[in-house]
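Q: Read top to bottom, the protein sequences are chains X and L.
Take the first sequence: its letter number 18 is residue 18 in this note's numbering, and every next letter is one higher.
Take the second sequence: its letter number 184 is residue 274 in this note's numbering, and every next letter is one higher.
Just so you know, not all the hints are guaranteed correct.
As the list claims (entries may be wrong) - Under the rule of at most 25 Å between Cα atoms (straight-line distance), these lysine-lysine pairs were calculated in the BS3-like manner:
#1 L:K150 / L:K382
#2 L:K382 / X:K35
#3 X:K56 / L:K213
#4 X:K56 / L:K382
Said to hold, decoys possible - Where chain X lies over chain L, by a calculated footprint (3+ residues, C-beta under 8 Å):
#5 229-243
#6 448-460
By construction, these hints were calculated from the structure, which means they are not laboratory data.
Glycine residues also receive a C-beta, built at the ideal position from the N, C-alpha and C atoms.
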Amino acid sequence: MNKGEIMSIEDTVLRIVNQNSEVNSVITLQTDLRKDLNVDSFGTVMIINAIEDEFKMTVDERDFNEVVTVSDIIGLLETKYGKKGDADGS
Amino acid sequence: MVAEFERRFRVDKGVADKLSFNPYYKKMDESIASPRIDTEPYIDLASNNYLGLATDERVKNAVVEALHRYGASMCGTPIATGYAGVVHALERRMCEFAGVEEGIVFPSCYQGNVAILSALIDKSDTVFIDHYAHASLIHGAKSSGCRIRPFLHNDVDHLQKLLNQHGRQGPTFVITESVFSTEGSIAPFEAIASICKRYDALLVVDDSHGIGVIGGTGRGILEQSNVRGFQGIYTASLGKALGNAGGFVGGTAKVIDFIRYTCPGLIYSTALPPAVAAGALEALNVVETEYKDRARRMWGHKKRLSDCLTKCGYDHAQGGAPIVSVSAGSAETTIALSKALFESRILSTPFIPPSVPPNRGCVRMIAGAHLAEKGLAHVCRTLETFAGIPGNKAVPQGRSW
Chain X
1 MNKGEIMSIE DTVLRIVNQN SEVNSVITLQ TDLRKDLNVD SFGTVMIINA IEDEFKMTVD
61 ERDFNEVVTV SDIIGLLETK YGKKGDADGS
Chain L
91 MVAEFERRFR VDKGVADKLS FNPYYKKMDE SIASPRIDTE PYIDLASNNY LGLATDERVK
151 NAVVEALHRY GASMCGTPIA TGYAGVVHAL ERRMCEFAGV EEGIVFPSCY QGNVAILSAL
211 IDKSDTVFID HYAHASLIHG AKSSGCRIRP FLHNDVDHLQ KLLNQHGRQG PTFVITESVF
271 STEGSIAPFE AIASICKRYD ALLVVDDSHG IGVIGGTGRG ILEQSNVRGF QGIYTASLGK
331 ALGNAGGFVG GTAKVIDFIR YTCPGLIYST ALPPAVAAGA LEALNVVETE YKDRARRMWG
391 HKKRLSDCLT KCGYDHAQGG APIVSVSAGS AETTIALSKA LFESRILSTP FIPPSVPPNR
451 GCVRMIAGAH LAEKGLAHVC RTLETFAGIP GNKAVPQGRS W
């Protein structure tokens with residue numbers, strides 16, 4: 001994985017979380033979805049839906065049970081779903 | 091009990107235990123106009139008795155009269171023996187009042203919402219639902235097994251974006267509330283209705299906290315938004331401003347007829363007692379003649395409480411409904427504020443996760459039109475006293491109290 005690919009998936013996930021958050025604050029990779037953004041179960045569904053739209057894939061909602069930070073989402077997409085490139089899922 | 095059931099049925103009462111206070115399921119003695127708990131009198135800011143109609147003499151008399159005429163229950167479902175004449179009369183009156191073509195009454199609005207959504211939505215449909223929609227709406231939509239796409243709270247742009255991406259892939263529902271009960275925010279209903287029309291989406295609105303409360307004459311969200319000939323589905327509780335119990339579901343004659351004959355949650359459920367229907371019917375009479383005066387008192391109370399909270403530095407929601415909601419943060423801080431109010435003989439409603447998102451605990455107070463000046467003054471004095479306590483986490487820190 002090259003640097004450009006890492007930035008691409010990070011930027012995409014950061015944008016998705018930002019666009020689907022009820023809280024207006026600066027979002028980083030370390031942002032805690034529940035503590036910092038008050039993301040509840042329906043908020044998680046919103047984020048998952050947006051990820052599925054963006055990456056054209058299906059995500060098992062149960063995989064998000066262990067997700068705490070934005071970085072965890074990226075890790076999940078990379079390790080379980082093999083997303084290493086851009087938002088088109090290439 | 092097997093270990094799995096032990097785990098599944100566990101209720102976390104850690105905060106209540108820590109604070110030695112459980113605000114839920116308080117055993118109420120006497121009416122909410124003059125509530126007593128363990129013989130002690132309290133001021134009710136916890137109920138949804140917006141207009142004070144639950145204990146209105148005319149409403150109570152209508153209930154008693156119908157009780158003598160029909161008995162305690164019709165002991166049957168609406169499709170069998172449960173469809174009392176007064177229930178039919180209530181349905182007709184609610185249609186005229188709220189502004190829908192046809193309607194039907196359920197034993198509760200929660201039951202109505204779950205029942206109709208599970209009956210009307212197909213597994214292959216898509217539902218767009220406000221992030222903060224009531225549990226009954228979420229429950230109903232989920233029970234259909236359809237694809238659910240929440241949109242950001244009251245965010246028309248987000249809804250439009252989602253509809254643009256997915257709104258023409260088959261039958262589509264958009265579900266929202268008129269007045270959101272925890273913070274009193276009001277949906278941008280005209281804009282949502284307009285978008286639904288554009289995308290051929292069937293709009294479902296729960297007006298439980300709007301009926302009898304908003305609109306020029308208290309007729310709710312359709313009056314407030316000047317929507318005529320509403321083609322969507324309208325639901326409302328009869329147990330809040332209308333002071334009784336039950337739920338109303340309104341819509342086009344075709345949809346209501348479909349519900350009437352196919353909705354299991356209606357057909358197989360014992361009907362609303364006629365006496366309760368009579369009470370709601372009489373409440374509508376009172377609203378039609380006295381809304382202006384009662385609303386003036388209700389809104390005046392809301393303003394007074396809001397002004398008090400602002401003056402004292404409380405973080406509170408600025409919703410457009412007569413709901414006052416103090417943002418209290420964590421579950422512990424939220425319950426602690428409710429406890430402090432309770433110890434001052436004030437009943438409030440604390441909302442903690444999962445009823446609200448994490449760290450968005452709030453304490454709701456609704457000051458109904460019936461609330462006496464003396465009681466309201468006591469509430470304001472109490473809130474002022476709390477604000478003066480150093481370290482009180484319900485008010486912003488960093489200022490000298």
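Q: Each hint: holds or not?
A: Against the structure, the hints come out as follows:
At most 25 Å may separate the alpha-carbon atoms for a hinted pair to count; L:K150 and L:K382 meet this at roughly 21 Å. With a C-alpha separation of about 44 Å, the suggested pair L:K382 and X:K35 falls outside the 25 Å cut-off, and the hint is violated. With a C-alpha separation of about 21 Å, the suggested pairing of X:K56 with L:K213 holds against the 25 Å cut-off. Distance hint between X:K56 and L:K382 is unfulfilled; the C-alpha atoms sit about 54 Å from each other, more than 25 Å.
With 6 residues having a beta carbon nearer than 8 Å to a beta carbon of chain X, the segment 229-243 of chain L meets the requirement of three or more and the stated coverage holds. Against chain X, the segment 448-460 of chain L contributes 3 residues with a C-beta closer than 8 Å to a partner C-beta. That satisfies the three-residue criterion, and the hint holds.
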